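J.: Chain D is fixed; fit chains E and Z onto it per the hints.
Protein chains in written order, with my numbering: chain D, 1 to 489; chain E, 490 to 1125; chain Z, 1126 to 1228.
Hint data in this document are derived by calculation from the structure and do not stem from the laboratory.
These numbers were taken from a predicted model, which means no experiment stands behind them.
Each residue gets a CB set at the ideal place from its N, CA and C atoms; glycine is no exception.
Take the hints with a grain of salt, since some may be wrong.
[Stated by the list, open to error] DSSO-like mimics (lysine-lysine), calculated; alpha carbons at most 30 Å apart, straight line:
1. K157/D / K1098/E
2. K1098/E / K1177/Z
3. K517/E / K607/E
[To be verified] Selected chain E positions facing chain D (in silico; Cβ < 8 Å):
4. I561
5. W565
6. L566
7. S569
8. L644
9. I647
10. P660
11. V663
12. F675
13. L685
14. L878
15. G881
16. N1069
17. D1075
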Amino acid sequence: MIVHFLIIVPILTILIMLFVQKQQVIRAVALTGAIIQLLVVINVLWQYVLNSDMTTGNVMLQTNVMWFAPLNIHYSVGVDGISIVMLFLTALVVIAAILVSWKEEYLTKEFFVLLTLLALGAYGFFISFDLFLMFFFLELAVIPKFLLILNWGSGNKTYSATKLVLMLIGASAILFMGILGIYYASSNGSPSFNMLTLKDSGMVYHWQLIFFPFLFIGFGVFTALFPFHTWVPDGHSAAPTAGSMFLAGISMKLGGYGLIRLVTMLMPAAAQFYSPYIVLLAVIGILYGAFATMVQKDLKYMNAYSSVSHCGFVVLGIGMLNPVAITGAVLQMISHGLMTALFFAAIGMIYCRTHTRIIKEMGGLLTYLPFIGGLFILAGLASLGLPGLSGFVAEVTVLVGSWQLPFLPYRIATIIAAASIVVTAVYILRAAGTILMGNTKANHFDTPIDARWYEKWAGVLLGIGILIVGVLPFLILKIISPTIHYWQS
Amino acid sequence: MNEGLLVILLLFLPLVTFVVNRLFIGKKWPVLSGYLATLILIITTLLSVVLAWQYYFEYGKINGTYALFIPIDEPWLSFSNSLSINFTILVDALSVMMVLVVNIVSLMVHIFSLAYMKGEDRYGYYYAYLGLFTFAMLGLVLSGNIFELFIFWELVGISSYLLIGFYYTKPEAVAAAKKAFIVTRFADFGFLIGILLLGSLSNQFDIVQMVGSLTSQQTLTQGAGTSFIGLSALTWACLLLFMGAAGKSAMFPLHIWLPDAMEGPTPVSALIHAATMVVAGVFLIARFFPIFQLDGTVLTIVGIVGAFTAFFAAIIACTQTDIKRVLAFSTISQIGYMMLALGVDDNILNPHLGYTAALFHLFTHAFFKSLLFLCAGAIIHAVHTNNMLEMGGLRKLLPVTHIGFLVGCLAIAGVPPFSGFFSKEAILFAAYQQHKWLYAVALVTAFITSFYMFRLYFSIFWNKPVKNEHTHEGNWLIKLPLLILIALVIVTGFIPFGNFISANGKPLLLPMHIGFSVIPVLLALLGIVYAAILYFKESNVPASLENSFGLVYSTVKHKFYIDELYQFITHKIIFNGIGNASAWIDKQVIDKLVNVSAGITFSFSIAIKKLQSGKVQQYLLIFIVGILCLFVLFLV
Amino acid sequence: MPEVLQKILWLSTALFFIGVYGMLTRRNMLAILMSLELMLNSVNINFVAFNKYLHPEKLDGIFFFLFIVTIAAAEAAVAIAIIIHLYRYHKNIDVGETEELKY
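Just chain D, same shape as in the assembly:
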C-alpha cells in the first residue's frame, strides 16, 4: 500500500501548490512534500526489510491492477533492492534541489510545480514493473525539463533546451519501438508489458538480438552513452541549478536503471551477445569524457563532461554482466547522483556570488567562502575517487567486477577505465586549485557571503549521503546485492 504514496504525495503536493499564491507558502509546500516523500521512502525501505528476509531480493510490495484491458496494460508497481536505493537517491536530490532554489523569485509556483512533476516522473519510473507504465513516467520526467531550462536557464538556453528534449524524446521513440517489439515478440503468446512475466517467459533469441539495440540505445542516451552524450554538456550548463542537479543526479540514472533491468531481466541472452560492444562504448566514453573534461573552461561544462566519464562506469559495469560489476554500476549511480548534485549545487552557489562560471576568472575563493569551497572540495574528492567517499567504493566495485572475467580485451578495458582516475584527479585538482586557492581576484565579488542556511542544509544532506555510501557501503550492498543475484540467476 505504501508504495502508492510515492505517486500520490507528489501529485498532492502539486495540487496544493496550484492553489496557493504566496511565494513563501509555495516553497514551504514543495519542501514539505519532498520531506514527506523521503519519509515515505524510508517507510518503504522499512517494509521491504520486514517483508523480505534480505536474501532473496525478490520484488516486494507489489500491486497489479488492470489499467487498459484491450492492450493488457497494467498499473503494476513494486520495489526491489535496486529501486529502493534509487528512490532514496531521488528523495535526497529533490530535497537538496528545492533547498538550493529556495530564493527563486521568478515564477516561483511554476518552478516548484515543474520540479515536483519531474520528481513524480522519476519516482514512478523507479517503482513501475510494467513497461508501458515505466515509459509513461519516463516521459513525465523529460518534458518539464524543456520548460525548466527555457524559463529559468542561462546562456544559450533555447538551443540547449531544444537539443536536450529532442534527443531525449528521440531516444524515447527508439525505446518505445523496442518496448513494442518486446510486447509483440514475447514468446508466451499473449502480448504483455509486465517485466516480471517477461522475465519468466523469455524471448526468442533472434528477436532479442533485433530489439536489444533499440532498448539499449534508448536507455543509453539517458545515461550519456558515448556517441549520444552531447545533450549532457549543453543541457546541464544551460539549466538552472536545481535543474542541473535533477538532470545529472536523477535523469541520467533513469537510463542506467533501465539498462540494468534490460540486461538482467528482459534480454539476458542478447546482452551476452552485445556485451563487447557495450564495453567498448563505455570505455571510450570514460576516457574520452575525462580528457574532454580536462580542457573545459566553464565549471558547469566541466562537471557535465565528467558526468559523461563517470556514467561510462555505470555502462561498463552493466556491460560486464557479472553480479559484482552490476552492483558496482548501481553503486556508481548512487554515488554519481549524490556527488554530481552536490557539485552542481556548489557551482550554483559560487555562480550566485561571483556571477561567472569561467574557471580562470576566479581565484582564492576559499578565503571568502569556506563552506561552499568545502562543499566543492568534498564533491571533487568524491569524484576523483577518494576512499571514504562514495566514488571510490563504486569505481572499485566496478573495476573488481570487470576484472573477474578472464578475457584479455575486457581486462584491457578495465585498465583503461582505471586510467581515468588519474585524469579525473587532474581536472578536479586543476579546477579546485584555480578557483578556490591561489591569489584572490576579489574584484569579481559583489556579495562575498558564505552559504546561507538553506544552501548549508542542501550541501550537508548530500554530503552525508556521500559519506554514508563511502564509509558504510556494506549497508547498501545488503539491500542491492540479493536483488542483483536474484535477477542474474
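T.: Just chains E and Z now, with coordinates in the frame of chain D:
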C-alpha cells in the same frame, strides 16, 4: 590490555582529532585544538609503546619466531565469498615497528608545531590534517587487506595534498600539492591494477592468505602460465606494485613531486615527506616481500632503480641552495638506499640481510631525517629564509639546533657511532655480497651524501662570521623535540634490529665487520673534509668551481630538466594534444552530427512549407483537380 | 428522364462550373463570394428539378433548397462581415494581399 582494543584506540584516536578539529573546534578555538591533538598523540604514542613492548617482549614470539596476529577482521565491502575488502588489522613485527616510528615522529612534529605554527591562520585545521595523516599512516601500516592498504594509501595521499597546500593562497604551494597528488595518483593507478591482478591470481585480497596462496607451488605455476607481453602475470603484478611504491617513495622517474612538496610547512615535511609517508613504498615492498621473492627480475629492477635514484638524487642535492630542497633530495637518495637494500636481498648467501637492512635504514632514517627537517624548521623560523646562501654563522644563535643538525648530518653521512652508520653499513654489506656494481654505486653515493650534507651544515652554521642579531631559537616547545630526536639518533643505532625484524621472523644477526667498514667511513670523512675545504670559510672557490663545470652544473641544478620534460608531456601532449583534441572532436564532429541531423530536418521542412502557400484558391484548385481525378478513377 | 430535366441539368452544370471558374480566378473576395453563390444556386436548381420531375409526390428537394438558401444567406452575412472588416484594416479585399497568417 586487549590487543584488539589497544590497536583500535591507537588507530582511531587521531581520526577523532581530525573530525573534532576540522568540524567543531578548529575554527573557534585553534589553540585548544593544537593542545588537544598533541594530548591525543601523547596517548597514542604511549599506547604504541605498550603495543611494541607487549608484542616484542611478551606475546609476539612463538617458538623463537615473531608470529603475526589478526585481532580484527570485519568485512567492509565483499564482492564474493573469497574476494572481499575487509577491515583487517595485521599485527606483526613489521607493522608494530612502523606504528612506533609513525607515532614518535608524529608526536615530535605535533609538539614542534605548537610553537612553529603559532598564530598561523587555520592553525586548528593544520592539526586536523595532521590527525588525518597520522590516522591514515597508522591504518596503512596496520592493514591486513591489500585494498584496505590501498584505501589508507590514498588517504595519506590526500592528507599530504592538504598539508602541502596548507598555505593555499600561495600559487606555488597549490601547484606543488597538485603535482604531488597527481604524480602519486599516476603511480597508484599501477598499484590498483597490480591489486586487481594479484587478486585474480590468488582469488584473495587478504594479505596473509594472498601471500600464502601465491607462495604455494600450485598457484605459482598457474600464475606463471598466463603471460602478457612476454612477462608472467606475477611479474606484472610485482612490477605494478613497485610502480605504486615508486610513486609514493619518489623513486626515479616519479621523484619529481617530492622537492616541490617542500612548499608545505616544514614540520609537515619532517613528518610526511621525510620520515613516514615517503617510506610507505619501502613498507609496501617489505609487506609483500614473499611475493617479490618469487620473481627475481622485479627485485633486481627494484635494486637498480633504488641505486640509480640514490646516486642521481645525491648529485642533484649538491647543487641546490634551498635547504629544504637539499634535504628533500637527500630523502630521495636515502629511500633509494632502502630500495637498493630490498633489491639485493637474497636468501642464499646471507639470509634476508637486505630486507632487515632496508627496514633498519627506514627506522634510523625516520629519526635523523625528521631531526634534520625540524632543525631546518627552527632555522627558517629564526632567519625567515630558505636559502642557504643567505645564512651563515648561525652556530651561536641557535646552539641546540646546531647540535641537532650536526648530529643529523653525521648520522646521514654514516659516521659511527650515530644510527645511520649501522644501517648504512648493513645495506652496503648486503649489496657487496650480491651485486658488486650496486655496491660501488652505493659507496660513491655515500661519499656524495656526506659532502652535500656538510656543505649544507657549513653553509648554515659557519661560512660567515657569527652574527649578533636578536634572532632567537624559540622556546622549549621547539627545543624539546630536537633534544628527544638527538637522543634517539644516538641510541637507535645500537638496537639489535635483526632480532626484531627479519623476513622470516627469526632473529638475524646484522654482520658488523670492522674491516669492511673502513672504506665507507673513510669516504664519509673525506666528504666532510672536502665540504669543509670549500664551505668552512666564505670564499669564492665554490662559485668558480660551479663556473668551471658550466653546462654540467646548470643541468644538474635544473634537476636534469626532468620537470621540464614532464611539463612538456603533460601540457603540450596530454593537455593540448589529447584533451583539446577530444574536446574538439566533441564539438566539431559528434555535436556537429547532432546539429546536422537537426539541420537536415529543418531544411526539409523549409522546402516543403512552400506547399502551404496560404492561397485558398490554389488549395481549391488542387482540391477540385483531385476530386476530378478520383471521379475519373472510379468511373473508369 | 424527361427532356426538360436534362436541359435544366445542363443549365445547372453550366452555372456550377462558371462558379468554380470564378472561385478559382477572381482575386476580389466579393467576386469569390458571388461565385460561391452561383455554385450553391446551381445545386438548388438541381434539387428543385429532381424533386419536380422524378419524385413529384415528395417535398424533400424543396426542403433542401430552403436549407441551402438559409445557410447561403447566413454564410453571406458572415463572409461579408469578414470582408468589410478586412477592408477596414487593409483598404483592400484582394485575397493575395492578406497573408498575415501565412506559415
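J.: Each hint should be assessed against the structure and marked as holding or not.
T.: Here is how each hint holds up against the structure:
Distance hint between K157/D and K1098/E is fulfilled; the C-alpha atoms sit about 26 Å from each other, no more than 30 Å. Note on K1098/E and K1177/Z: the hinted pairing is violated, with a Cα-Cα distance of about 49 Å set against a maximum of 30 Å. Restraint check for K517/E and K607/E: the C-alpha separation of about 15 Å stays at or below 30 Å, so the hint holds. Annotation: interface hint on I561/E violated; nearest CB of chain D at approximately 15 Å, more than 8 Å.
Using the Cβ-Cβ criterion of 8 Å, the hint placing W565/E at the interface with chain D is satisfied: the shortest such distance is roughly 6 Å. Residue-level restraint check for L566/E holds (minimum Cβ-Cβ distance to chain D is 5 Å; threshold 8 Å). Taking 8 Å as the C-beta cut-off, the interface hint given for S569/E holds, the closest approach to chain D being about 7 Å. Among the interface hints, the one on L644/E holds; its C-beta lies about 6 Å from the nearest C-beta in chain D, closer than the 8 Å criterion.
Evaluation of the I647/E hint against chain D yields a held restraint, the C-beta minimum of about 6 Å falling below 8 Å. Here the hint on P660/E is kept, as its CB sits about 5 Å from the closest CB of chain D, short of 8 Å. Taking 8 Å as the C-beta contact cut-off toward chain D, the hint placing V663/E at the interface holds, the least distance being around 4 Å. Hint status for F675/E relative to chain D: holds, with the closest Cβ pair at about 5 Å, below 8 Å.
Of the supplied interface hints, the one on L685/E holds, with its beta-carbon coming within about 4 Å of a beta-carbon of chain D, less than 8 Å. Annotation: interface hint on L878/E violated; nearest CB of chain D at approximately 28 Å, more than 8 Å. Checking G881/E against chain D by beta carbon gives a least distance of about 33 Å; that is not within 8 Å, so the hint is violated. With a least beta-carbon distance of about 5 Å to chain D, the hint placing N1069/E at the interface is held under the 8 Å criterion.
Because the smallest distance between the Cβ of D1075/E and any Cβ of chain D comes to about 5 Å, under 8 Å, the interface hint for this residue holds.
Hint check: violations occur at hints 2, 4, 14, 15; the rest are consistent with the structure.
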